[in-house]
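If you want the building blocks of each chain, they are given just below.
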Amino acid sequence: MHNKAEEPERSKMESQRLICETQIRINQQKMDTFVASFRRSLESVKAKPQETIQNQAKLAKLKADLRDAEDEFVKVLAVKTRREAKQMAIRDSIAAKKARVEELKRTVEVQRARKDKNAAIISQQSMDLATCEEKKKQDIGRKEEIQEAILWYNRVLGLHVEGGHGVKFTFNNINMKKPKEEYPFTIRHANDTYTLLDCDPPLNNIKELIQELNRTNGLFKFVRIMREKFQEDAVLGLAPQASPLPQDTTISLSAPAFSVASDRSESPGKNQYQMQHGEVSRLVNKLVHRSVSPLKENAHQIQDEGSNRRSKKVSHGRGAQQALSSPESASSLRRSTRSKVKK
Amino acid sequence: MNEMNDLEHKRISIEERKHALKKSEKDDLRTEMMLSMYASVTKIIPDLNEQSKVSGYIVDRDKNVVEKFEYDPAKMTDFDICQSIWKAINSS
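Protein chains in written order, with full-length UniProt numbering: chain D, 1 to 343; chain H, 1 to 92.
No lab work stands behind these hints, which were simulated from the structure alone.
According to the in silico footprint, chain H covers these stretches of chain D (three or more CB under 8 Å from chain H):
no., region
1, 115-128
2, 140-146
3, 149-155
4, 168-181
5, 223-229
These numbers were taken from a predicted model, which means no experiment stands behind them.
Heads up, the beta-carbon is just placed ideally off N, CA and C, and yes, glycines get one too.
With the hints as constraints, model all of the structure from the sequences given.
In structure tokens form, the structure reads like this:
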């Protein structure tokens, strides 16, 4: 009986058990599914932080790249700004250069005109010079005749004149026994005063002669007197032991030094040379144009001189003075010195 | 450029020729001055046509006198001729 009573219960429980087992299996499956899902979810969740870390690293890198890009941008912007400024400057420069080119073009035109003008002047000057040179060539004969005349004075009259520091006059044909013996003296005119620089042999009364020369200004006469004095000295045979020159402020015995320009500042003053320049042309003409009667010519010369003497003193003095101070051309005509002759 | 160089060369050449011409003129003037000095000191104008004789003119401006002289070198020594002329110069 007891078994029979328990049977339904048992069966019920069995059914309940079966149901439970079924339920358990279902739940078990659900649990398995959940676990699997949870595991998958967990795996998924576990990957997220790594991904986040990676993303953070990427983000940091991107931020760094961005900063670099920004820096680069700033640099590029600066370069761009500079280039724009440079471009502006170049544009200004180009404009200035263009203006300069235009100005230079105008200058070139002006210079070209000037060049043409100068070329014309040069051409004209060249032709003028050629004319002068041709005239000069034609004058060579005249110059030779002047030299011939000077040589005549040297040879026939035994007179040599040479310029330098003062004018040196040298005579020969003074001493009959020694015709070649030379008797020089050097006279200088400066500050309206004649000074004897040298005299060989020295003469006794030279001081008075110089005073007379300074008083009368008669240089040419003085030269002639000096020759007479030398001759008297030679005749008396006093030349070797002649007394020394008297000391005076206007007389010195320094040897003449050759100088071209040293005497150019000398004042023409009342110098007798001054009236000679006008005569030169006439004299030269006479020497060249020998067909003209010398007598007639001389008469004209004397008359001209008489009427024009005063004006010539003023107008021609400087040139004559300069020539007398430094007529180097005459030095080439000069012959041996006194010492050479003595040897 | 070549044209400019050519002009410059011409200019320099002209300058040199001018300089030479001036120098020549200066030399000529000096020579003439020297001749003037000889003539003034001696008062003589030589006659260079007479090669065989020594002749010329003594010019005295103050007296307006022109005196001719002539010597034969074959008959007199150079020294005597020189003395004679200077004597005439000083006495004129």
